[in-house]
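Visitor: Listed below are the residues making up each chain.
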Amino acid sequence: MSSPSAVAAQPGTRELTLSQAVNEALAEEMRRDASVFIVGEDVAEAGTPFKVLSGLVEEFGPERVIDSPISEAGISGIGLGAAMTGMRPVVDIMFGDFMTLVMDQLVNQAAKIHYMSGGRLKAPLTIRTTLGATRRSAAQHSQSLHALVAHVPGVKVVLPATPYDAKGLFKAAIREDNPVVVFEDKMMFAVKGPVPEEEYVLPLGVADVKREGEDVTLVATSSMVYVALDAAEQLAADGVSVEIVDPRTLVPLDRETIVASARKTGRAIVIDEGHRSYGVGAELAALIAEDAFYDLDAPVRRMCAMDVPIPFSPVLEDLTVPTADTVAAEARRLVGKE
Amino acid sequence: MSSPSAVAAQPGTRELTLSQAVNEALAEEMRRDASVFIVGEDVAEAGTPFKVLSGLVEEFGPERVIDSPISEAGISGIGLGAAMTGMRPVVDIMFGDFMTLVMDQLVNQAAKIHYMSGGRLKAPLTIRTTLGATRRSAAQHSQSLHALVAHVPGVKVVLPATPYDAKGLFKAAIREDNPVVVFEDKMMFAVKGPVPEEEYVLPLGVADVKREGEDVTLVATSSMVYVALDAAEQLAADGVSVEIVDPRTLVPLDRETIVASARKTGRAIVIDEGHRSYGVGAELAALIAEDAFYDLDAPVRRMCAMDVPIPFSPVLEDLTVPTADTVAAEARRLVGKE
Amino acid sequence: MSTMRETKLTSDSTIERWLDAYHRMATIRAFEERVNELYRSAKMPGLAHLYIGEEAVAVGICMALRKDDYITSTHRGHGHCLAKGAAADRMFAELLGKEPGYCRGKGGSMHIADHENGNLGANAIVAGSTGIATGAAMSAKMRSTDQVAVCFFGEGALGQGVLYEVMNMASLWKLPVIYACENNLYNEYTHYSETTAGDLVARGEAFGIAAEQVDGQDVRAVFDAAVRAVARARRGDGPTFLVLNTYRFHGHHVGDVDRSYYRSEEEETEWKSERDPIELLTGWLREQGVVAETLAQIGSEAQQEVEAGVEFALAAAYPDESEVDQHVFA
Amino acid sequence: MSTMRETKLTSDSTIERWLDAYHRMATIRAFEERVNELYRSAKMPGLAHLYIGEEAVAVGICMALRKDDYITSTHRGHGHCLAKGAAADRMFAELLGKEPGYCRGKGGSMHIADHENGNLGANAIVAGSTGIATGAAMSAKMRSTDQVAVCFFGEGALGQGVLYEVMNMASLWKLPVIYACENNLYNEYTHYSETTAGDLVARGEAFGIAAEQVDGQDVRAVFDAAVRAVARARRGDGPTFLVLNTYRFHGHHVGDVDRSYYRSEEEETEWKSERDPIELLTGWLREQGVVAETLAQIGSEAQQEVEAGVEFALAAAYPDESEVDQHVFA
Ligand SMILES: Cc1ncc(C[n+]2csc(CCOP(=O)(O)OP(=O)(O)O)c2C)c(N)n1
Ligand SMILES: Cc1ncc(C[n+]2csc(CCOP(=O)(O)OP(=O)(O)O)c2C)c(N)n1
Ligand SMILES: [Mg+2]
Ligand SMILES: [Mg+2]
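Chains as they are written, first to last, in our numbering: chain E, 1 to 338; chain G, 1001 to 1338; chain A, 2001 to 2330; chain Z, 3001 to 3330.
Next comes chain E alone, as it looks inside the complex (with noise of 0.2 Å):
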């Protein structure tokens, strides 16, 4: 995956991958509130299969890095009975495939709890997992299910793109009093971008544009934000200007910037790595065509996977998503620069 000049270090800055990023918002909010934990399969010595936990048991013990059982539904629902009372847990669920087992617990319990109480009882839990595929691990290991998330209502679902961004937004997720989804791509874990040493933390629910321009947008969630970049690239060479937005957080959804995006360049393509029909596309397409109907010149265009399990064959699972070539020939499309 390239990193690109967007998101490149400024000379002096520290630059850490998306893997380390997450790791020193966990270390730190531990830090900083004895109520934070961390409980998952594999979380404390192993650190996860993907190392991204690393180090934290060494620091923290192994009362607040908890290596629990095989139990996705049985450690969300801990982790809620836990968040309802004085505690922030972070629950891992190791691959966003399992999410599925984690339905009940988060849909019916966890997201309705506050409401349901008339706004008396809080569950301040987080849960980290994954999305992405083209790692060859089929179809029970590929899968981006971040809309089923998203659809509920009382649950705050973020998708970061940069180290930048996973670490700020993983702190205010873990400070928010309402359930949060954080979905991190797995094949981003070594991407590196810059992080400043000091403190900071980024609200839920404020897009960023990852690159200005004018000609056509990219709304681009996750890692198809550098899908996205790659593509500007390949555009600018043919003289299109594109302009690229990261909602980072499906909720709270920034409306306004990306609407506006959108008005101004008067043509979009939304992309995400989620399965294309009632997926995370149709909201952002539905959006734009509904609130920038009166200023586009073309249709709203979605790119997203295939409405397909995703195939283990490399030859077929590449067919699958969304690259950096079929976004530029989409974009030219539009833009009638074919």
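Some hints here could point you the wrong way.
Taking lysine to any residue pairs in the SDA-like style, the calculated list, with each CA pair at most 20 Å apart, reads [what the hints assert, rightly or not]:
1. Z/LYS3174 - A/TYR2192
2. G/LYS1122 - Z/LYS3174
3. Z/LYS3174 - A/SER2260
4. G/LYS1264 - G/ASP1307
5. E/LYS171 - E/ARG31
6. G/LYS1171 - G/ARG1031
The following residues of chain Z were derived to be distant from chain G, with all beta-carbon distances above 12 Å [to be verified]:
7. TYR3102
8. GLY3131
9. LEU3200
Residues of chain G placed beyond 10 Å of chain E at every Cβ, according to the derived structure [stated by the list, open to error]:
10. PRO1049
11. ASP1097
12. ALA1190
13. ALA1207
14. VAL1209
In short, the hints are calculated from the structure, not lab data.
Nothing here was measured: the structure is a model prediction, and the numbers come from that model.
Even glycine gets a Cβ: it sits at the ideal position worked out from N, Cα and C.
Dock chains G, A and Z with the ligands against the given chain E, drawing on the hints supplied.
Guide: What follows is chains G, A and Z with the ligands alone, placed relative to chain E:
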């Protein structure tokens, strides 16, 4: 719930409730095919809490109408295994809210097994469940979660609105070699409509124009069809001619019929009882905005359940879903007849 | 306003304790009778699942708890809620969807929660609160309080996998949680023997959890078992699994009046006449020399509190429409 | 082409049976060694979870099955697949994502299925196939065949609630299913004692299921237990829960090479040197008078089949791009 003229019986035609229509579909398929069976909580002597399956255990016996423990994940998994080995199970999930417990079996197993096996294994599994609010059943018994299922490639999704459609589509679902989830609005079980004596099966993937008109298209799902029909009556009185398209199945989706209607009228409102954000309404709106772009005179509007857990208090609950009045008002705004 | 007397756990008068139990049970009984009437007279929206017949379970267990201990409850939750200290007036207001209700009318019968008394909420998903209770126990342990969490559930919840997931962790991590399985013989309209293989107590034991079976109609037996379980939990010795044998006298919910297809009238009559927990306690109290007038007096107090609660709730206002999209997020 | 000899269950020569077992185990061993090499030489996409060390479990159980019996398998599934009769060439093709693979390359290592031999598929969701196996057993019962279904899973799957849901129903409905819990001591990188409370066998017993513990390194002991369980199932007496004590000699997956932080080299060495299932069987066969040459001969046959399979797969074509959206629906 009113039973509007468009779906009323012709003289001499038999009328059934939606509940009876589903019951009849099951009975006919069970008579026809010994591999069809039903499993679920309180499906046998109780005939489900809504009594939809009453009488089936008497005809087919407890070996084919099986009361299960309260194990939604378990019965779905067992249904899947039976489906993969020669049976055609109908798994009854009492409330659509409990689909959260079924998600792993549905998303990671049933939906993918045909694809993952390179087409060698099949899963002719039907799940029947509910959707719909306004029964004062509160947040965990009032959800319309069909968007979660529709997003998953490999599952077909059926949302019948009339007894006629319910029977014909249910029979098709059972005969499908794929997993199908049928969502029935629990407020609709008592709705009556014509159902022929002769056997018939309706194809999945064919929308039905429930009313023809010129000025505005209402794309309405499930019980929202009745809301749309009532709104259309109001609007007719104001001289607004309404076309109502009922997709009937979300997967496969009859894009052509929906888009053609929107192109004809130039104005569209999509009405769905799922939550608004990242919901079925978004897909339908995005589809129309994309494919009818050059024929639309106004942005597509979405009318859905609010993005809130469904509240218990009747005064609040009634505010959360579209009604004939709110739909008619929105349509008037859209055609400039406020 | 609390409809319950203060728990007299420190009282040295045993009789006082059981008079308190009597009062709590009578309150629940009166409350539920009123719920049934409200439903039948179409004054209550939705449905309700009555606890009548099972009062000794909630009362026996909650009497062994402190106010700051936690409980989680079920769709059949009014008894748990009252036993843990909730007031009838705000409960009725909740059941009617009114603004002074415990959840501002947004939860209703199946979601009533009473944070101040440690009730983390009724739950309309069978077994849905087993994680919450176990997590509350984990939280108590992590915060080094000696709070205990009780997870009430019906025997139907033994069908739900999440229960086993959290019992495993409760056992591994020695969490101060009590799994209170109310075996009232039926999952809705199906006898538990058709849905539950093997021995119920073994379901807890398989996870290395101390488990016992208790006569759920005998409030003193329930209390004793609860005291043992609470002591174990506070000592740091981990969870307990209690199977409380009981019976619901009414239908699965208020609308379930034709029950003959799933259970016999003889069975109902036998439980009502031989195994009514209030009658059983009455008998024992009378044996101890408590005069009938004392019990009648307590009963009528309970009745009056309940009556006042209904009146309060009927007169109360609905929440403002603007509340509909409040409290989605904190 | 089958890499396995025909099962000799009807043979009256016991030695022949165990030579067959030897062949199957040697094939699995050789297959997995080749998988490891393919991965290390970057010829295999993704990951694989090796079964080396656990061969006696799959072989002992599958030898007690008929071709038309069902199995479901796990992420660590190559051994089950071979033991149930799959051919090495099409398996390798699947692992490389090639068109002649059992799933046309669409499934890969973690989803390999072999319908013709009753293998309903490996599963990358821990406990994900427990429902499928139980449902296959239910189907067999409903269709009045006497087929049996074996559900293989690791001890880590004891953490997943769905297992208990389906075991309950299997017991209630006396389904012909065998739950084969392969206890190799680790859930990925965590020792099972940190994740599993109480006694493993009790997890089955709690549901009224016949349960026993078996030495999973002794193929003859596994076979005997499986024969008993299969007989019980075919007789209509319901499910069996087997805990098979075993050990994986390699890492959790092919990339897991630094293992010292979760298990000691001494432990690994001890299992490899004292408890290798192939060595144990070799010892017994030699005691029965089988000469070393016979075993060497079988071993090299196995090796050759595997080698031929790899060559076949490396030379095979990838699926056509047009397949990407085929098989979403039947
Ligand atoms: C997950 C789930 N499945 C099904 C239901 C529908 N349901 C409500 S109560 C009930 C029976 C519960 O039986 P039990 O747990 O014994 O409690 P009881 O009603 O006897 O107190 C069922 C099936 C539900 N609420 N949640
Ligand atoms: C539901 C689910 N949670 C987590 C994982 C990640 N995972 C893959 S294998 C594994 C460990 C499985 O341990 P066990 O069941 O003992 O099988 P073994 O690998 O030892 O054969 C885990 C946690 C998964 N695949 N599925
Ligand atoms: Mg019960
Ligand atoms: Mg293991």
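Visitor: Can you name, in rising order, the numbers of the hints this structure does not satisfy?
Guide: Hints 2, 3, 4, 7, 8 and 11 are the ones this structure does not satisfy, whereas the remaining hints hold.
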